[in-house]
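The residues making up each chain are set out below.
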Amino acid sequence: MLEISTETLENDVVLLKVSGAIDGSTAPELRAAIVDTATPHCKMLLDMQGIHFMSSAGLRVMLLLHRQLQKGDSHVVLIGMMEPIYDAMEATGFLKYFQTASNVESGLELLCKTSV
Amino acid sequence: MVKQVRKLRLPGELSQVRAACEFIVDVASDAGLGDDGVFQCQLSVEEIFTNIVEHGYGHDGAEKSIELVCEISDDLLLISLIDEAPPFNPLSLEDPDPNTPLWERDTGGWGVYFVRKYMDDIRYKLENEKNRLILEKKLG
Chain A
1 MLEISTETLE NDVVLLKVSG AIDGSTAPEL RAAIVDTATP HCKMLLDMQG
51 IHFMSSAGLR VMLLLHRQLQ KGDSHVVLIG MMEPIYDAME ATGFLKYFQT
101 ASNVESGLEL LCKTSV
Chain P
117 MVKQVRKLRL PGELSQVRAA CEFIVDVASD AGLGDDGVFQ CQLSVEEIFT
167 NIVEHGYGHD GAEKSIELVC EISDDLLLIS LIDEAPPFNP LSLEDPDPNT
217 PLWERDTGGW GVYFVRKYMD DIRYKLENEK NRLILEKKLG
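Respectively, the protein sequence lines represent chains A and P. The first sequence: position 113 = 113 (our numbering), numbered continuously. Counting from 1 along the second sequence, just add 116 to a position and that's the residue number in our numbering.
Hints are computed from structural coordinates only; laboratory data are not their basis. Here the structure is a predicted model, which means the values were calculated and not measured. In this text, a Cβ means the ideal position worked out from N, Cα and C, and glycines have one as well. Careful: at least some of the hints might be erroneous.
With the C-beta cut set under 7 Å, the calculated list includes, among others, these residues of chain A facing chain P [to be verified]:
#, residue
1, G24
2, S25
3, S55
4, S56
5, L59
6, R60
7, H66
8, G93
9, Y97
Sequences are here, hints too, so could you generate the full structure?
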């Protein structure tokens, strides 16, 4: 099960909040949400604090997210990944292409610094 | 000596991934693995289950099954995934390279990479015309 919500914060930052599991059966929902949200020139926080499981289906969504953001000169910060998910992102070499923060406040700060 | 055997047979559909995950989390916790070990077993089973549904059965496995057989002994958890798709050994796949830049990457291959990384041993057998992948996780 995967719950997804979006919210617009200060300076047009979009907060995409997900919780549950990102696996083969739920990844398509996240993919659809990212396609809708990661528009050109957007600033996004992907809040993963509520994600307790992510498989390679999630990595494929991350790849899509990265490509979509690159294309549109957009920025994302991944928020609050749990340790095993962080480790998996690191082992597969995905982490070096993403900025991360431990909570929404520090993510906002990072986003405002990099996208000015 | 095997202390406990637990089995679950599921239809080969993506909607069953969650049931497979819940089962394996339960078994791995009962076997005495900590949070990391449980996560690693769940990840490995999810990856193989999803591969069978998508590639083995080509999203047409509702009438076919995937069987999970778990054997717990003093120092070992053995997890078998048995399917009736055409013979295929996932260990024949080459691992992707974590150093490949993201923009040059293909989308696949990371599932089996995780299984290799997180399990202590993996064996493939063709048994009674069924694929059997045995994942071995050391306990303690």
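Status of the hints after comparison with the structure:
1. G24: With a closest approach of 4 Å, the G24 (chain A) hint holds.
2. S25: holds (5 Å)
3. S55: holds (5 Å)
4. S56: The hint holds - S56 (chain A) has a Cβ within 7 Å of chain P, the shortest such distance being about 4 Å.
5. L59: The hint holds - L59 (chain A) has a Cβ within 7 Å of chain P, the shortest such distance being about 5 Å.
6. R60: holds (5 Å)
7. H66: Since chain P brings a Cβ to about 5 Å from H66 (chain A), closer than 7 Å, the hint holds.
8. G93: Hint holds; G93 (chain A) Cβ to chain P Cβ min 3 Å, cut 7 Å.
9. Y97: Hint on Y97 (chain A): holds, closest Cβ of chain P at ~5 Å, below 7 Å.
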